[in-house]
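Number of protein chains: 2
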Amino acid sequence: MTSTATAATATPPRTSPPARGRRESGVRPEGCCPTVTGGGLAEVEAERLARSFKALGDPTRVRLLSLIAASQSGEACVCDMTDVVGLSQPTVSHHMRQLVDVGLVTREQRGRWAYYAIVGDALAGLRLDLGVVLSTGS
Amino acid sequence: MTSTATAATATPPRTSPPARGRRESGVRPEGCCPTVTGGGLAEVEAERLARSFKALGDPTRVRLLSLIAASQSGEACVCDMTDVVGLSQPTVSHHMRQLVDVGLVTREQRGRWAYYAIVGDALAGLRLDLGVVLSTGS
DNA sequence: TCCTGACATTGACGTTCGTCGATGTATCGA
DNA sequence: TCGATACATCGACGAACGTCAATGTCAGGA
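For the protein sequence lines, the chains are A and B, in the order given.
Here this note's numbering is used: the first residue of the first sequence is 1076, the next is one more, and so on.
Here this note's numbering is used: the first residue of the second sequence is 1076, the next is one more, and so on.
Among the clues, some could well be false.
Below are the EDC-like pairs computed for lysine to aspartate or glutamate, each with C-alpha atoms no more than 16 angstroms apart in a straight line [what the hints assert, rightly or not]: (1) K1129/A <-> D1176/A; (2) K1129/A <-> E1183/B; (3) K1129/B <-> D1133/A; (4) K1129/B <-> E1122/A; (5) K1129/A <-> D1196/B; (6) K1129/B <-> D1176/B.
For each label pair, taking beta carbons as the anchor points, the in silico distance ranges come out as [to be verified]: (7) D1158/A <-> S1163/B: 41 to 47 angstroms; (8) G1195/A <-> G1161/B: 23 to 29 angstroms; (9) S1148/B <-> G1161/A: 43 to 49 angstroms; (10) G1161/A <-> Q1164/B: 29 to 35 angstroms.
From the structure, some residues in chain A lie toward chain B, with a derived Cβ separation under 7 angstroms [said to hold, decoys possible]: (11) L1116; (12) E1122; (13) A1125; (14) G1132; (15) V1137; (16) L1142; (17) R1172; (18) V1175; (19) D1196; (20) A1197; (21) L1198; (22) R1202; (23) L1205; (24) V1208.
The hints are simulated quantities; they were obtained by calculation from the structure and are not laboratory data.
The beta-carbon is built from N, C-alpha and C at its ideal position, and this holds for glycine as well.
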């Protein structure tokens, strides 16, 4: 979709820098990558990664996450966290929803309380992804 | 610091949930944590982490990062990246600045070109930090 | 010397984000 | 049955973000 293709639209006489160790002109490894991502991570992959990282891009959410991890039972409800972070209940609920949406935590309703727990695998996966960014080629 | 102390300000009769495995009322582990962070990560630590993650919270920046990593020389200049991500030169410069500001990449001016390179240690440190979030208590 | 090219900076714009108060929904205890 | 509690959702607001065109700055080549 989005016929933004027009892939190898020639190579304008752009006097690319010497690039001591580079290929020749562009960055395109020619035929090493799945689509027209032009080297580096694919667009969809980058979006998936960015979505998770964005969820961790707010200090409040980082604290909420660590708060859950620090609790004995490995879970926490909203009423416990509002006091600590010093924000309103709707705001904390909003942040927790962000974390749930990207799959970093789970939500379980038990009686009147909603218990949030960390998805360890998601965190671990994200950790691996950080390495993927580095070694996108290989 | 930050005399937001008023540490153990009583314990209001908040009928906290049963919390199967919890301590008693609040989340405060009483005296296990450095300051009045109330359990979990300290505020400054959370802000530091969030700042780095926020830099990774944009798909374009993730692609730029992986683009540098994918290049043979381990570095890239703006003119090479604009074509691939399909954005204007000022926008790419703006994104690179974000990445430089949080220490994820370095910038080196050689002649007319500015070469950006990834700071591997920063990425590795961030990877460790992801684990810290999980084990903030221990 | 002047001109070209690579890049940063500025100013502006629409969009998204973080936050709150108000309100809705469901559960538990009296 | 009714009131209180825990939480989600809604609507609104200011702040921050991503993007661009226009402009400024500096290095190389003619």
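Now for the hints, and whether the structure bears them out:
no.	hint	in the structure
1	K1129/A <-> D1176/A	holds, 12 angstroms
2	K1129/A <-> E1183/B	violated, 28 angstroms
3	K1129/B <-> D1133/A	holds, 7 angstroms
4	K1129/B <-> E1122/A	holds, 13 angstroms
5	K1129/A <-> D1196/B	violated, 21 angstroms
6	K1129/B <-> D1176/B	holds, 12 angstroms
7	D1158/A <-> S1163/B: 41 to 47 angstroms	holds, 46 angstroms
8	G1195/A <-> G1161/B: 23 to 29 angstroms	violated, 37 angstroms
9	S1148/B <-> G1161/A: 43 to 49 angstroms	holds, 48 angstroms
10	G1161/A <-> Q1164/B: 29 to 35 angstroms	violated, 42 angstroms
11	L1116	holds, 4 angstroms
12	E1122	holds, 4 angstroms
13	A1125	holds, 4 angstroms
14	G1132	holds, 3 angstroms
15	V1137	holds, 4 angstroms
16	L1142	holds, 4 angstroms
17	R1172	violated, 17 angstroms
18	V1175	violated, 16 angstroms
19	D1196	violated, 11 angstroms
20	A1197	violated, 10 angstroms
21	L1198	holds, 6 angstroms
22	R1202	holds, 5 angstroms
23	L1205	holds, 5 angstroms
24	V1208	holds, 5 angstroms
Violated hints, in rising order: 2, 5, 8, 10, 17, 18, 19, 20; the structure is consistent with all others.
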